[in-house]
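Colleague: One-letter residues, chain by chain:
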Amino acid sequence: MTKNILLVGVGGQGTILASKLLTIGLMKSGYDVKMSEIHGMSQRGGSVSSQVRFGDNVASPVIEAGSADILVAFEKMEAMRWMPYLKKDGKLIVNDFEINPMPVLTGRAQYSSDIKSVLTDATKTDFVDASSAAMTIGNPKVMNIILLGALVKAMGLEAIDWHAIIASEVKPKFIELNKRAFDQGMQMIS
Amino acid sequence: MKKLLTGNESIARGAYEAGVHFAAAYPGTPSTEIMENIAQYEAITSEWAPNEKVALEAVIGASIAGARSMASMKHVGVNVAADPLMTFAYTGVNGGMVLITADEPGMHSSQNEQDNRNYAKFAKIPLLEPASSQECKDMLIEAFEISETFDAPVMIRMTTRVCHSKGLVECYDRNEKAIKPYTKHMSKYHPIPKHARGMRVRAEERLEKLRVFSETTPLNQMILNNSEIGVITSGVSYQYAREVFGDTASYLKLGFTNPMPAAKIAAFAKEVKTIYIIEENDPIIEEFVERLGIACKGKEVFPKMGEMTPDVIRKSLGQPSFDTIDFEDLTVPRPPAFCAGCPHRGFFYELGKLKNVVISGDIGCYALGFDEPYNATDFSICMGASISMGHGAQTIFNKLGAEAPRVISVLGDSTFFHTGINSVIEVLYNKGNSINVILDNRVTAMTGHQENPGSGYTIQGEHIGEMAIEPILKTLGAKRVRQIDPNNLKEVKETLNWALESDEASFIITRWPCALKRFTEADREEFKDAFTAHCTVKTEKCIGCKKCLGVGCPAISFNQETKKTTIDPNVCVGCEVCLQVCPVKAIEKEAAQ
Numbered sequence: 001m002t003k004n005i006l007l008v009g010v011g012g013q014g015t016i017l018a019s020k021l022l023t024i025g026l027m028k029s030g031y032d033v034k035m036s037e038i039h040g041m042s043q044r045g046g047s048v049s050s051q052v053r054f055g056d057n058v059a060s061p062v063i064e065a066g067s068a069d070i071l072v073a074f075e076k077m078e079a080m081r082w083m084p085y086l087k088k089d090g091k092l093i094v095n096d097f098e099i100n101p102m103p104v105l106t107g108r109a110q111y112s113s114d115i116k117s118v119l120t121d122a123t124k125t126d127f128v129d130a131s132s133a134a135m136t137i138g139n140p141k142v143m144n145i146i147l148l149g150a151l152v153k154a155m156g157l158e159a160i161d162w163h164a165i166i167a168s169e170v171k172p173k174f175i176e177l178n179k180r181a182f183d184q185g186m187q188m189i190s
Numbered sequence: 001m002k003k004l005l006t007g008n009e010s011i012a013r014g015a016y017e018a019g020v021h022f023a024a025a026y027p028g029t030p031s032t033e034i035m036e037n038i039a040q041y042e043a044i045t046s047e048w049a050p051n052e053k054v055a056l057e058a059v060i061g062a063s064i065a066g067a068r069s070m071a072s073m074k075h076v077g078v079n080v081a082a083d084p085l086m087t088f089a090y091t092g093v094n095g096g097m098v099l100i101t102a103d104e105p106g107m108h109s110s111q112n113e114q115d116n117r118n119y120a121k122f123a124k125i126p127l128l129e130p131a132s133s134q135e136c137k138d139m140l141i142e143a144f145e146i147s148e149t150f151d152a153p154v155m156i157r158m159t160t161r162v163c164h165s166k167g168l169v170e171c172y173d174r175n176e177k178a179i180k181p182y183t184k185h186m187s188k189y190h191p192i193p194k195h196a197r198g199m200r201v202r203a204e205e206r207l208e209k210l211r212v213f214s215e216t217t218p219l220n221q222m223i224l225n226n227s228e229i230g231v232i233t234s235g236v237s238y239q240y241a242r243e244v245f246g247d248t249a250s251y252l253k254l255g256f257t258n259p260m261p262a263a264k265i266a267a268f269a270k271e272v273k274t275i276y277i278i279e280e281n282d283p284i285i286e287e288f289v290e291r292l293g294i295a296c297k298g299k300e301v302f303p304k305m306g307e308m309t310p311d312v313i314r315k316s317l318g319q320p321s322f323d324t325i326d327f328e329d330l331t332v333p334r335p336p337a338f339c340a341g342c343p344h345r346g347f348f349y350e351l352g353k354l355k356n357v358v359i360s361g362d363i364g365c366y367a368l369g370f371d372e373p374y375n376a377t378d379f380s381i382c383m384g385a386s387i388s389m390g391h392g393a394q395t396i397f398n399k400l401g402a403e404a405p406r407v408i409s410v411l412g413d414s415t416f417f418h419t420g421i422n423s424v425i426e427v428l429y430n431k432g433n434s435i436n437v438i439l440d441n442r443v444t445a446m447t448g449h450q451e452n453p454g455s456g457y458t459i460q461g462e463h464i465g466e467m468a469i470e471p472i473l474k475t476l477g478a479k480r481v482r483q484i485d486p487n488n489l490k491e492v493k494e495t496l497n498w499a500l501e502s503d504e505a506s507f508i509i510t511r512w513p514c515a516l517k518r519f520t521e522a523d524r525e526e527f528k529d530a531f532t533a534h535c536t537v538k539t540e541k542c543i544g545c546k547k548c549l550g551v552g553c554p555a556i557s558f559n560q561e562t563k564k565t566t567i568d569p570n571v572c573v574g575c576e577v578c579l580q581v582c583p584v585k586a587i588e589k590e591a592a593q
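Protein chains in written order, with UniProt numbering: chain E, 1 to 190; chain X, 1 to 593.
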C-alpha cells in the first residue's frame, strides 16, 4: 500500500531539504520511494510543494487530490490551499506561521483570521509553533527541520537514525543546530 | 549501490557510467540540473554554452571527433538547436551522441507545451522515453549503444515529472569508452547537395533498420494482466496509468517510440478487447496505432493538453475521484514575485510609470514585470527576442508620427548572451531607434543561478574573466550606452528620460547582483555593502499612504489596525528602493545586527 506525504510551503522555507531528509530515511528503511517537486518560477516567493510517496512498489510520482495521508504545511495559508489534497480523515500538521501573499501585503486581500478554527474543525490537526521554537534554538531557518521532527513523530518513524541522516546531508557547522531542531519538533506533537 | 536520484541526476550518472567525454547545455527548467550534475564528474568535460544551438554544435563536433557526447536542454531550447539537429541527423555520428529534451506538459515554468517527440519523427532519429529515474540512466546508456550501432543521434524525451521526481537508482562504475579515431570522410560529414542526397537515402535505410530494432528491443515491453483493457503508453504516463489500473489492465509500455513497433502493437491488440492510448500532449502513438487499422481510444477520451496525472485519467474515464475538502474562498493566491532586494524592482517601478511606451519583454525573472504593481511589460515570445521584436515594433510605430509610442526592450544578462546579442546587431545594423535595456544581475537567475559569459565564471566555477556587456555594445557600434544602478530610482528615471529624449537607439545596462546570488570574489569587491543591512519604518513618521507598497516588496506589509506599514527585518536586505518612494522619509536604513 502506497503512503502519501505532502509537504507544502512558500518558496525559500526549506520544504525541499525537509522532504529530502524524509526520503533518505524512508529509503534506508527499505521502502520504494518517489518524490516529486516543481522547480523554477514558483520558487520566487510562490506556493511550493514536495510530494513524497512510499511503499512496496510506487508507480506515480505525484499525489492525487484527496489522497495525502499526511499534509505538512509550513505556512497556514498554504495549508488552506493544499487541503483538497488531504485524504478524508487524513492528518494535518500546520506551522502556526503566516507569510503574507502579495495581495495581502498590498492590502487588496485579507489573510483570514479563522484559519486555525476552520482547519481544526475540518480534520485531525496539529499546530506546531515552529517559528518560536526556531528562535529559541537560535536560527529562524531551522523551522523546516522542526516540522520534519514533528512529521516523523506523527508517522511513527522514530526508530530510524535521523541524526545520522542530518549529519550526512547538512553542512558541518549546522549539524548540531539541526539535530536540536529535529528533537524539538518530535516533542511538539502529541 | 542504490541512490535516491531525480531523473536529471540519474541522466548525469548515466553520462558518467556510459563513458561520455563531452557535454554541453544552456540552462532551462526542467533540464538545468542535468548539466549541473554532470559537472560534478571530472571525467566529463562539461560546459554551459551561451545558447542551445551552440551547445548542440559543440557536442556534434565532439561526436565527429570520436567521443561519446551529449547535450541537454528544455523543450523550447530544441527549437534554437533545430538547425544543427536536422542535418546531423543526416550525417550520423562517430562517437555516440544523445540529445536530451526536457518537455513541460502542464507548462509549470514555460511559455508553451510543444511535444518534442515530433522532432524525432521530423529528424528521422531514434527516440527514447524514460518513465522513472532508474530508466533515465538505463536508457541513456542504451541510447549511446543505439547511436553507435545505427549511426544516428538519439533523442531522449524527458518531462518535468521525470526530470524532477526522485526514485531509487542502482549505480555502477564508469565504463570507460576510448575516443574513436577520427578519419576525414567528406561524403559522410560534409552535406553539400551531392553528398546530402546520399545521406537522405541512408536516413531512410536507417529508419528501416530501426523499425526492426523497435520490434525486438526490451525497451518496448508487453505486460499482460487482463484481456479486457489494454493500455499503450510511454514515459511517465505509464506510471500514471499503472496507478489507476494496477493489475486490472494489460500494458504495452513503449520506451522506444521512434520508429514505433507496428507488429508488436498489432500483437498486443490481439490480446486485449479495448485499447486506451495514454500519452501526454500530442496523439503521436494514437495516430500510429490508428494508421495500423487498430481501433483505440485516445484523445477522444483523454485531454490533449496538460499532465496525464492519475486524477486526469480517472476523470476522463468517468471514474469517481477521491473526496476532497476545499477552502478556496478563504485562500489568497500567492503569485510569484520579485524577491526582497531584487535588482529588477527599482527598474520596473520606474518603467511602469512611463506613459506612451510599449515594453518588449523576454524570458527570465523579469518576466514578472508584467504583473502588479508594475504592469509594465507588454509582450514576450522567446529567449533573446525582446530587442528584435522591439525593433520591429518601433519601426512600425515610427511610421505613425510624433505621437506614436517609443519601444523599450528589456532582457537579462544571460539572455543577452543567449541570442539577444544578435538582436542588438539587428537594431544597430538597420539604424533602429528603440531603447534597449540589459538587466545585468550578474547570473542566470531564474533557473537557479548558473554562470554565464557575463558572470566571468565557468560551470566548474573557474574564473575566466568577465565578458563585459558595455564594451561589447560599443564594439558593435552602439553610440549611446549608459550603465546604472537599478536601485537608485533617480538615476533610473533620469536615464530612461535620457533615452526617450533621443531619436537614436539607446542602451541601458542596469548592473546589480541578484539578491540570492552566491557572491564571488569579484562581486564582494564590486558590491561591498550589498544585502548587509535592512530598512525599517519609523512608525511615528509613517502616514499610512501605502506608497511603499507600490514597489511590490515581499518584506513590506500594511497593518490594517495601525494603518501603517512595517518591514520584516528577516526578509529585507536593504536595497533602499522603498526608502526612496516614501514621501515623509519614514523609512530608514539600519546596519545589520
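Just so you know, the hints here were simulated from the structure itself, not pulled from any lab data. Quick caveat, the model's predicted, so the values are computed rather than measured. Be careful, since some hints might not be right.
As the list claims (entries may be wrong) - Computed, partial: chain E to chain X, Cβ under 8 Å:
1. 17
2. 56
3. 59
4. 80
5. 103
6. 117
7. 118
8. 120
9. 124
To be verified - Not close to chain X: a few residues of chain E, all C-beta gaps over 12 Å, as computed:
10. 77
11. 176
12. 184
13. 189
Where is the CB? At the ideal position from N, CA and C, for every residue including glycine.
Colleague: Next, verify each hint and record whether it holds.
Modeller: Okay, the hints, checked on the actual structure:
1. A least Cβ separation of about 13 Å between residue 17/E and chain X goes past the 8 Å threshold, and the interface hint is therefore violated.
2. Given hint, residue 56/E at the interface with chain X, is violated; its Cβ is 12 Å from that chain's nearest Cβ, farther than 8 Å.
3. Evaluation of the residue 59/E hint against chain X yields a held restraint, the C-beta minimum of about 4 Å falling below 8 Å.
4. The beta carbon of residue 80/E comes within 5 Å of a beta carbon in chain X, closer than 8 Å, and the hint placing it at the interface holds.
5. For residue 103/E, the interface hint holds, the least distance from its beta-carbon to any beta-carbon of chain X being 6 Å, beneath 8 Å.
6. Because the closest C-beta pair between residue 117/E and chain X is about 11 Å apart, greater than 8 Å, the hint is violated.
7. About 6 Å separates the beta-carbon of residue 118/E from the nearest beta-carbon of chain X, less than 8 Å, and the hint is met.
8. Restraint check, residue 120/E versus chain X: the minimum CB separation of about 13 Å is more than 8 Å; hint violated.
9. At about 12 Å, the closest approach between the beta carbon of residue 124/E and any beta carbon in chain X exceeds 8 Å, and the interface hint on this residue is violated.
10. Its beta-carbon lying about 6 Å from the closest one in chain X, residue 77/E breaks the requirement of being farther than 12 Å from that chain.
11. Residue placement check: residue 176/E keeps its beta carbon more than 12 Å from all beta carbons of chain X (closest about 22 Å).
12. Even its closest Cβ contact with chain X, about 19 Å, leaves residue 184/E beyond 12 Å, as expected for a residue assigned away from the interface.
13. Every Cβ of chain X is farther than 12 Å from the Cβ of residue 189/E; the closest lies at roughly 21 Å, confirming the non-interface assignment.
Hint compliance for this structure: hints 1, 2, 6, 8, 9, 10 are not met, and every other hint is.
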